[in-house]
Structure formats: C-alpha cells, structure tokens
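Each chain, letter by letter, is given below.
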Amino acid sequence: MRPRIVLHIFRKDLVETLRDRRTVVMAFVVPALIYPLLFTLLGSVATDKRGELERTRARIAAWGPVPEDTLRAVEQQARAEIVDRRALPPPEPEAEARTLVAAKKVHVILLTPPGASGASTPVRVLADSTNVDSDAMERRVSRALTEHGAELLRQRMTALGQDAAAATPLDVHEEDLADAARRGASFAAALLPYLLLVLVATSGFYAALDLTAGEKERGTLQTLLTAPVRSVEIVAGKYLAVLALTLAATVCNLGSIALTLSRATAAMEAGARFSLGLSGAGAIFLTVLPAALLIVALLMAVGVLARSYREGQSYLMPILLLVMVAGFASFLPGAELTAGTALVPLLNVTLLVHDILVGKAGATQITVVWAVSLAWAVLGILLAARVFQSEQVLLSGEKPWRDVLSPGLRQARELSPGNALAFAAVLLVLTFYGSALIERRGGVVALILVSQLGFFLAPSLLWCRLFRVPLRDTLQLRWPTGRGWAATVLLAAGGWSVGAVVWAQLLRFPGARAYSDWLGELLGKQGQLGLGTALLLVALLPAVAEEVTFRGVVLAGLRRSGSRWITVAGSALVFGLFHVNPYHVLAATAVGLLLGWVALESGSILPGMLIHLVNNGAQVLLDRIPGLADRLQSPMVLALALATTAAGVLLVRGSRRPAPEEPPGPAPVSLASP
Amino acid sequence: MIEARGLSKRYGEVVAASDVSFTVSAGEVVGLLGPNGAGKTTVLRMLAGVLTPTSGEVRVAGHGTEGEAFQLKRALGFLTGDTALYQRLTPREVLRYFGRLHDIPEAALAPRIEALVARFRLSDFADRQCGKLSAGQKQRANIARAFVHDPPALILDEPTTALDVVTGRFLLQAFREARAAGKSILLSTHVLGDAEALCDRVVLLHRGRVLDQGTIPEVCARAGARTLTDAFLARVGDEVAA
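Going down the list, the sequences are from chains U and E. Residue numbering for the first sequence follows the working numbering, starting at 25 and increasing by one per position. Residue numbering for the second sequence follows the working numbering, starting at -11 and increasing by one per position.
Derived from the structure by calculation, the hints contain no laboratory data. Owing to the predicted nature of the structure, the values given are computational and were not obtained by experimental measurement. In this text, a Cβ means the ideal position worked out from N, Cα and C, and glycines have one as well. It is possible that part of the hints are untrue.
Said to hold, decoys possible - Chain E side only, calculated, beta carbon under 8 Å to chain U, not exhaustive: (1) R(-7); (2) S6; (3) F10; (4) A36; (5) V38; (6) L39; (7) F58; (8) A72; (9) Y85; (10) F86; (11) L89; (12) I92; (13) F113.
As the list claims (entries may be wrong) - Here are the computed lysine to any residue pairs in the SDA-like style, where the Cα-Cα straight-line distance is at most 25 Å: (14) K120/E / R43/U; (15) K126/E / S332/U; (16) K384/U / R410/U; (17) K126/E / R43/U; (18) K129/U / E118/U; (19) K384/U / R206/U; (20) K120/E / A119/U; (21) K128/U / V107/U; (22) K126/E / Y333/U; (23) K120/E / R206/U; (24) K120/E / M50/U; (25) K120/E / Y333/U; (26) K128/U / D159/U; (27) K384/U / A305/U; (28) K126/E / T203/E; (29) K126/E / L38/U; (30) K120/E / R46/U; (31) K120/E / R107/E; (32) K129/U / S144/U; (33) K126/E / A305/U; (34) K120/E / L38/U.
With the rest of the complex left out, here is chain U (with noise of 0.2 Å):
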C-alpha cells in the first residue's frame, strides 16, 4: 500500500463528500440542531404542563358520606375544590367516575359506601392513571387525605390523654444522596451513549453510501480502477475519509448534545447538573472511537454490494437498526458492564460511556473494551477490504457475494497487514476470555502454560497452516549473521533498561504505583517454584511462544505494508495491547519497538528470543537473588545499560543476510491481478 496514493484518494473523496450539500446538511446541521430543539421544545412542553399543574385546582368528586372535615381538608391541602357532591354513590361508581374524567369534569373521586361507621372510615380515591392531570391530582389529593388521616390520629391520642407524638412512631423523611452532579450524570448517561453511537452511524451514513454505491451507480468507480492503484488503496482512502467525517460530526455534535444536556438537566424539577469538560469528552471520544472505526468499515464493506444509492439505502438501513439497538441498551435497566457484554461489539462501548460518565468504569475497564472494539473494527476493516477485492462487487456484476465468498481471494503465499492484524484480533480475544476462565480454576502454572502454548504458539502455527504460509520465511526461522549475534548480545546484556526506565517513569502516575505492585506479587508466586522450573514457566516458554507470535506472525504480515516503522510500531502496539493494563501496555510497547526492530534488522527471530528470554530469566533471578534489583537500578549500572542497548540498536540495523530475492509487493487490483 502506498500511503501518498492512499492520500490522493483521500483528500478528492474529502472533498467532493463536503461539497455534497445532504452530506454536509445530514452529518453536522441536522444533528447540531436537533437536539437543542429537541430538547428546548420537550422541555418547554413539560414545564409549561408541570406549571399548569401547578396552578390548576383539583376538581373532586365526593360521593356517599365523605366526611366534612376531610373534606375540607383535602380543599386546604390538595387546593381542590369539590365540583360534584352526592349524598349516595351512583349504581356503577367506575363507569360512572371514568365518563367524568375522560370528560375531564372532575379529576378525582372520593367515595365512601353508604352505611359506613365505626372509628376506620373507608375513603375510595378513584382516578385514571393513564390520564396525566388525573394522575398528577390523585398523588395530590392521596398525600393531603395520609397527611389528615395522621393529623386525626394524633387528635384522638390527644383526646384519650395519650402522648400525640406516640402517633408518629417514624419521623421519616426521604433525602438523596446523589448531588446534582450525580443526578445529572445520571441523567446524561441514560441518554448520551444511544445518541453517540447512532449520530456516528448517520454521520457516516451518506457519506459511505456516496462514495460506494453512489459512485458505481455514477461510474466513477471503474474510472478509478482504470488507473494504476490498488483496490486496498482505493478501500483505504475511502474509508479515511468517511472516518475523517464521521469523527468530525461526532465532535462537533458531542459538544452539542452535551450542552443541551447541560441546560436540561439545569431546567429538572429535582435539581440536577450535567457538565461534560473536555477530559470527560476527550474520554469519551476515545472510546466511541473503535466502535466509530467498525461502524464506518461495515457501511463501507455492505455500501459497495449495492449497486445503486437507493440500493445501498436498503442495505444500510439494518446497520443503523442494530446501532440503535446497541445503543438501546443504555435505556435499560440491569444491563452492565461484564466479561460477557464486554465481548459484544457496540454494546460494550455503550455500557462502557455510561459507566464513565457516572464514574464507575476504571483503567481496566476501558482497556479491555477498546482493545475488544478495536479487535472487532479490524476485523470490520478486513470485511471492507475484502469486498473491495471483488470486481464482481466494483463492477456491478451479479450475485457479488459469490465473488466475495469465492477461496480464490483466500490464496495466499505471504500474510498481509490486514491478515496480521486479524490474528491479533483473535488471539485477543481467545487470551482475554481463556484467561479469565484459566485463572478461577487453575494455579500460575497452568495460566502460563495454556496461555503461552495455547495462546500464543499453538494458534500462530496453526494460523501458518492455515494460510499456507511457510513456517521458515514466515517465522523468520533464520541464523542471524555474525553482527547479528554481536548486537543480540549488547541487547540480551542491555535491554531490560527499557523497560525498567519506562517504568520508572510511568510510576509518577496516579494508579500506576498500585499496579506494580500487584503484578510484583503475582510475579513474586513464581518464587515458590524451583529454579529450572520458573526458568522454563516465566523464561524460556514466553520468549518462544510470544516471539513467534508476535515478531514471527503479527511482523510477518505487517512488513508487507512496506514501511519499517508501520512494521515495527503496529507488531510493538499488538504487543503492548496484550498487557491490558494502560501502564503495562505502555511499557510493553516500548520493549516491544525493541524486539520488533531487532527482528525485522536482523532478519531473524533467534536473537528477540535470546533478549527476551534473558530479561524474563532476570526477572526470575530478582526475587531470588538479594540486593541484586537495587544494584540494577542504580543509576550507574542503568546509563550503562541503556549505553549498550543503543550500541545493540545501531549494530543490528542492516544485519540480516542478504535474501536470494526479495518477494513481490503486494498484488495490485486483483481486477486483473498480476
């Protein structure tokens, strides 16, 4: 893939999308005016119905022998006045009470059977609860009747010489403990998430719809396949610039909404505050922004199999219904954040933006989720790349989903990037979920050793064999040269001051001091075992496993991109993301540049698996050996570590042996691939 050609897409699709007035019109005025209407014209309505309310006197029916006196207080207390007044109730009270309140005559009747007596009178309050003004007067009227029916009570214990406080054994009284903030977060919560997720899916909406099916039905899609580019360009510029949008709209319309929520929580009867400041939104951002990522790739990836704009409008349509119902879920009541709900795509990240914002969601939390939404978009990404493969799909062929289901794609000599990044997305997921099932029933061995070997090694080779890759070039199964092992040696010697200095510098960090310590005890289970045993659990196993995964696999597929640094940045953040913790993963990451540049330098993965084993077996020695973590961390021994890594890093560059041939690039179009 050529970046600049991926630019050139870009920018034109860019800019002819912006220039398209239902775009523009649909992704940013029409959501930036909605919700302030919305919500400025519902809550007109309801707080000028709650003032009428206010206002309105109760109009009561009282039929039988009501009492006078509570009569008269329910006029006093309930601000009501008795409109119909009946010595004897009618034949059929209900009928009767419901024709006057659909009437609206009366909103309230109180009855009392004929021949009542005693110390208990019974009082009926019949009202209809599915009419607002009746329903409203009925509480009304049902609190002024308990407030008299106590004030009675407390008469009658007078009267009898007992102590009228003995009538109140309960002074309850209710008090919230949410403060406004609270209240209006929570507020926010409930409604945010649902208006998020489908403002992205119509922000990107037209604008997919445009640049795929639109352009078949105008025919500039063949146009551009006339030219020399690659359909992965094509897809890749494409969906650059429907993201570009789609991320656009979804800031400009997140500040919108969370100012209207901010003036409609003020405006609450219960007194409540929304303020969403720009850490909470950039928050925010961040997390919608994976689900963002699939949202667009599935518009695209479904948009081109259509052949025409009105088409495409069919099929997109159920994409936007199961946004909303993703989004849905924030509405109901009971749905949280779980290992389960955390693996389903869209719905994880609208749980997750609620718990944020009422402050429930922690680090681990929001890794997890990104690490499985972005896993999912990948895996949205490679659905949209592969449909753009088909020139049954571009050129509005019949039946195009054979075209895209057909193996012929499949064949494949080399893994590409997206093929990576599919492996990675799998084998996060199987980590994530068979971990946690390994770690309630097994001990440390058995997570290190399903983990490392079921994980990790055994799905990289069967990955291998399922591509028909081979292992040796794959893999990089390859002795190093002898400047190779010269620079192994400085880095296995050196390179665990990488990570102990990002480290260091990350434990400044709120969180991060806490974590340490927790992954230092849980490493520190490992003392209990003997030497060659640790050794070989925490060592040797990890430096295999994870280095064929990860600089064999993950590196092989992405070093098709042709461009080192995507090569060794993309295998380093894979390798980072696996750490799940935010600090771990950072840390990781960094050595993981470390190891990814070796790897790809050397052309080899002998000498990662030489560094990495040394700075696991490390590790082991720490715990074991007294005084040996202070002397390494000082800053003498450090400098001196860090010298020699750099010495390493500068000796690997250009080390591997020369190949016989360099393999092809990537095929062009496959329109007539070559």
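Keeping the supplied structure of chain U fixed, place chain E upon it in accordance with the hints.
Coordinates of chain E only, in the frame set by chain U:
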C-alpha cells in the same frame, strides 16, 4: 501495441467472451464493432486490466496483466460509457487527481493539465463542477482525463455517442492527431460512419466471438457488401438467422 490473445470470460454458465484475438499496432485505429450484448465492454475491460480474463492473455505496450498490471494501466488511456467524471469536482481537479494517481510529478503535472485544457478546449468550464457541464463538455473533459498520463495506447468506448456534430467532429480530429502521433487506438462504436471515417481496420464481434476482422474493404468484400453498415448487417444478420 494492444494485443488480445484468445481472451475468454465466463460468468458461471454465461460466456461473455470467447477466444477473442486481435491486435492494434502503433499509429493505427482499430474499430471494435458489434451489436448490444456482443461482449464489447467485457473485452475492453479485460484489455484495460479492470476485469480478469478466465483465459487468454492481454498485452499493452508489451505489458501483461500478470505481474505488470500497473505498467499496463500506465500505458493505457481508457474511456467508456461507464467511466464517468466526479460530479462535484471540476475538470481541472479531475485531471490533477488522475495525474497524481499516475505518479506524474507535481512540477510536470501543472503544465500537462494546462496543455490538455487548451487542446480539448476546456478553458471555459475547467473550473466549473462536472455535474453542471453539458454532455459534450463532460466528454471532452473525460477524454482529457484519459490523455492525462500521455499513454501510448487508448481504448475508447462510444466516445462520440450522444454528442452534437461539432463536438463529435472535434473529437474525431483529436483521435486522428493521436494516431498521427503514433498512438494505438481501439475504438468501440455504434456509429459506423465514425468507424468508416477513422478506422484502419475493424473487428466484428457478436455473442462474445470474433466474426471477422480486417480492413474495411476486406470485411466488405468477404460479406459481399458495399458499405460497412451492409457488411455489419449481413454478418450479424447471418449469425442471428443461424
């Protein structure tokens, strides 16, 4: 310069093209003629590297689709009824976009665009969005787009259809000049008058197969007809009757 060797394309049971072979030499205009559904578009798409042949081989300026698709596309200017312009871009922006996709350096691209604007008389509307142009203006801009990378070979599908006489004549003259400059041109058209006026040789295609090919007098002679239209009707009519 343009070479089709035994090109075939199947969609399941449907045969869109079968064993199609012909060549277009440098400085030659060859007409690809056939009724609707003859398989012309399929053949043209295969020649342009947009569609993968089921069997057979394509070569343009010595480059095939196997492993050389980029070189092939760089050697070819392609214009069909399905290759439209971007409605919300101006002709100048379209030319710049395709120039960049063809990796023309920025320094060379600007004068190239201005030369094409002048050659195809686009200056009056070069900065107006394509969606607001007339059919003739769009076609002139689109042909300029096919010329932007100065390819040695051109494939033109119905380039003069639905154009007024003045614009049609103007474009035919532009194609003659391209031929004089040594370019190979494969012209697919329903306007047999254009074919007679411009083509050095013709290929008659029907139901995905080549019925006949040669110079116009040769094709007419073999069909026992005096004009290309008569020859076309005779050969295609024979096929329909068969």
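- Do the alpha carbons of K384/U and R410/U lie within 25 Å of each other, as the hint requires? violated (39 Å)
- Message: With the threshold set at 25 Å, check whether the alpha-carbon distance from K120/E to Y333/U stays at or below it.
- Response: Satisfied, since the Cα-Cα distance of roughly 20 Å is no more than 25 Å.
- Would the stated hint for A72/E survive a check requiring a Cβ distance to chain U of less than 8 Å? Check passed: Cβ of A72/E comes within 3 Å of chain U, closer than 8 Å.
- Message: Checking one constraint from the list: CA of K120/E to CA of L38/U, max 25 Å. Satisfied?
- Response: holds (20 Å)
- Query: Holds or violated: are the alpha carbons of K128/U and D159/U at most 25 Å from each other?
  - Reply: Holds: K128/U and D159/U sit about 12 Å apart, inside 25 Å.
- Item | Interface hint compliance - A36/E to chain U, C-beta minimum distance less than 8 Å | holds (6 Å)
- Query: Is the Cα-Cα distance between K126/E and T203/E 25 Å or less?
  - Reply: Given pair K126/E, T203/E is violated - Cα atoms ~32 Å apart, limit 25 Å.
- Once the shortest beta carbon distance from L89/E to chain U is found, is it less than 8 Å? holds (4 Å)
- Message: A closest beta-carbon separation below 8 Å is what the hint needs, so does F113/E meet it against chain U?
- Response: violated (17 Å)
- Item | Hint consistency between K120/E and R43/U [alpha-carbon to alpha-carbon, up to 25 Å] | holds (13 Å)
- Message: Run the distance test for K126/E versus Y333/U: straight-line Cα separation, threshold 25 Å.
- Response: holds (22 Å)
- Does I92/E meet its interface restraint, that is, does its C-beta lie within less than 8 Å of any C-beta in chain U? violated (11 Å)
Checked against the numbered hints above, the structure violates hints 1, 2, 3, 12, 13, 16, 20, 23, 28, 32 and 33; every other hint is satisfied.
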